Amino acid sequence: MKHRTFFWFILPTLSAMILFIALPIVSVFIQSLFVQHEQVLLVSESCGPFGCEKTTSIDTEATAKLREDRPLGRFNGFGTYTNRSHLAFAEVGEAWATSESFGDFWGQVLNLPFYRALIFTLTYTAVVTPLVIVLGLAIAVGVNNLPRLLKGPSIFVSLLPFLVTPLVGSLILFWMVDGDGVIGATLQYIFDDPSLSLKASTSLTWIMLIVYGIWHTLPFSFITFYAGLQTVSKDTMEAAMIDGASKWQRMIHVVVPHLMPLVSFVTLMLLMDNFRVFEPIVSFSAEAHATSLSWIIFNDLRESGNPLYGSAGATSMMTIVGVVILLTPVLIRTWRDFNRKAH
Amino acid sequence: MFLRKLVTATAFVGLMSTASFAADCGPEGQSIRVLASDFPAIHAVAGRADSNCGAGAEEFAVNHTTEARQIMNAALTPNPSEYSSVILANSTLTQLMNDGLVRPLNDLVEKYKDNIKPNQLITIDGNVMAVAFMANSQHLFSRKDILDQAGVDGIPATYEEVLDALEKIRAAGIMEHPLVMNLKTGWNIAEIFNMIYLGHGGEFFVPGSAEPSINNEQGLATLAVMKALVDYAHPDHLTHASNETQGLWEAGDAALGIMWGSRGAPILDDEGSSEEVTSNTVLSAAPTVAGGSVPSATLWWDGISIATNVSDDEAEATFAALVSALTPDMVAANNDDAVWLLEGFKPGPAAAGVAETARGGAKPYPMIPQMGLLHNALGAELADFLKGDESAEKALADIEAAYRTSAKEAGFLK
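In order, the protein sequence lines correspond to chains A and B.
Counting in my numbering, the first sequence tops out at residue 1379, every number present.
Counting in my numbering, the second sequence tops out at residue 553, every number present.
Pulled out of the complex, with its shape left as it was, chain A reads as follows (with noise of 0.2 Å):
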């Protein structure tokens, strides 16, 4: 294709790329480089229907000329970036040296709100991803070895928890686990423990946020796959047979290498998906024991009633650069794959 033609070609698609995609991260970031201006603060009188009392508010002439002279706030820098809601320079580096052995620091850092969120995104991340793509293809492999008659209502049962909304399927299983539900009350019953809670203790909180993200986005790596199923050419499979190769070499060595590429898409969808972990937080009430980056942007947005955008805006950088080292590995060796390929 010539240049000019490629451009032209190209042109929509970019054109909205930079419109919804750049242009908004852009801004997203230079928000996270300003802070609010500074508040003038008033010492007044409050009176209500239970008495008086002296109370500070804000002088909003005085704020609301400031904002209008500056409307993104005061320039702070990386400075959103690196505070104790962030990366905490200053605060890991004081546990670094006034910790005694290096578990005692790794508790210090994890009592910081960003490394807590961080630690559980990468774990759930870490282990739904693999889980979600092993347990997709054996579905598949199962759903397509069935009898034509079985095979559509199959799929169709496979795919369900897909259909359900996020924040509803996971508001579900919070009823279900809890100690009155069926599944809690049974897992008490095979324990023979009538205290047990999942929502109680920290890693059966984990537990229980990993198997529901398992069980959620299975169903697409199971299409995928059932779809790249499809296209494996019988010819190599009877080729196989002939030479005497077993129904597991047969995968292992036929079906799998024909699925790689579908191995990359579906990881790379599930690792940016995972990675943005929220609904089920919120939805399990399990912020006690597991917050995500994702929570994080949402809580400072939201519950304060005074949105913090610089932090949102910070966390949300953050982000984006997690998302991006965690896809380089995978883009790396899709871009080997196609340069082989091409030559």
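Just so you know, the hints here were simulated from the structure itself, not pulled from any lab data.
These figures come from a predicted structure and were not determined experimentally.
A hint or two may mislead.
[Said to hold, decoys possible] Coverage of chain B stretches by chain A, computed from C-beta distances (three or more under 8 Å per stretch; other residues unrestricted): (1) 257–269; (2) 496–503; (3) 534–541.
[What the hints assert, rightly or not] Listed next, the in silico EDC-like pairs over lysine to aspartate or glutamate satisfying Cα-Cα at most 16 Å (straight line): (4) B:K533 to B:D523; (5) B:K553 to B:E350; (6) B:K526 to B:E342; (7) B:K502 to A:E1089; (8) B:K256 to B:D523; (9) A:K1101 to B:E342; (10) A:K1090 to B:E342; (11) B:K533 to A:E1339.
Even glycine gets a Cβ: it sits at the ideal position worked out from N, Cα and C.
The hints should help you fit chain B onto chain A, whose structure is shown.
For chain B alone, kept in the frame of chain A given last:
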């Protein structure tokens, strides 16, 4: 027959319209747009305002949503704003005032003072910023029968007596986890801290500044009380908010509870629970703590505010319509839906807890601009302590550090 029906109907409609013209609705033909939370008492006020003044207005729209707090600032920022009034509470008034989005009501109160008593006025620095019409607070719920069974005399009045009663109930083998409290991580757990901390006489900030001042003796004592309490609470307490605690109470799985007064009526009614539970449930003041005389609670009010960014006529029509609803007649029709601060309210058993808490001199939830940030920091950092992962000193230091970080970003601290 048909004719008679028609006549009656016409007479009825006639009466209705006289009633609506009887209310002073201010300028006619205005657009009245109200943003409000979603619970029965607010439906009662907004509904009455609509039937009084809706006919004379060009538009009367009420958006009842539990998300009111999240959208109010954005909705009131444009000029003209999306709503001409927000029905709000202590903390949400601060949230709007921080951005200058609600107007002083002094003139309007003067003009439409018929249904307003002086103690309803929320005055800040001489300006009336809201007109309160109902109160709410968390307080003690007790099961008389279980306390008797465990040999506890009377209803506990202090947290020390509460803990003592809990131990007796557990020791008697009646319940392993007799206590329910709204301890859900986030807003709820922080509110419990606020209540017990105020009960200890604590101050959240160095007066007149935004410096936090909770890392002190009272803060430590508060955490010690909370730690002692959660030992008797359901193991899932860090996920429990009002719906869960009310459910446990109605199921008869708790003997003592700290819950919102607004849950009193739904608990005491004949739905969702057994006769045994409802007939033995007693609502009383929030307990005092550590020899203090003030109930450990924060008092909340709900009231009317008017947006800055609307025309004066719209503002007046909205205010007149909403105030026209605050009549003894409306209170009589919805007596048990709230603890009304209005003429004609007859406190029933469901209101006893809030009324006693207010009479005991409990403090209102602080209307300080930076309180939301401290509340959020408390909500995020307290769980570690209650789970037993860190010491009380460390928890308080963490809370102050988390608050300082966000207060610096929001411009309250340098």
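Verify the proposed pairing of K256 of chain B with D523 of chain B, using a straight-line Cα cut of 16 Å.
With a Cα-Cα distance of about 45 Å, the restraint between K256 of chain B and D523 of chain B is violated, given a limit of 16 Å.
What's the verdict on K502 of chain B and E1089 of chain A, does the C-alpha distance respect the 16 Å limit or exceed it?
holds, 10 Å
CA of K1101 of chain A to CA of E342 of chain B, is that 16 Å or under?
Between K1101 of chain A and E342 of chain B the Cα gap is close to 32 Å, so the pair fails against 16 Å, i.e. violated.
Annotated coverage of the region 496–503 of chain B by chain A, confirmed only when three residues or more have a Cβ within 8 Å:
Three-residue rule met by the region 496–503 of chain B, so holds; n is 4.
Taking 16 Å as the top limit, are the C-alpha atoms of K553 of chain B and E350 of chain B close enough?
holds, 10 Å
Hinted pair, alpha-carbon criterion (16 Å max): K533 of chain B, D523 of chain B. Please report holds or violated.
This hinted pair holds, its Cα atoms lying about 10 Å apart.
Between K1090 of chain A and E342 of chain B, does the CA-CA distance stay at or below 16 Å?
holds, 12 Å
Going straight from one Cα to the other, do K526 of chain B and E342 of chain B come out at no more than 16 Å?
Answer violated: K526 of chain B to E342 of chain B is near 25 Å, above 16 Å.
Within 8 Å of chain A's CB atoms, at least three CB atoms from the region 534–541 of chain B: coverage verdict:
holds (count 3)
Sort out whether E1339 of chain A lies within 16 Å of K533 of chain B, counting only the CA atoms.
The hint is violated at about 23 Å.
Within 8 Å of chain A (C-beta), three or more residues of the region 257–269 of chain B:
holds (count 8)
Hints 6, 8, 9 and 11, counting from the list given before, are not met by this structure.
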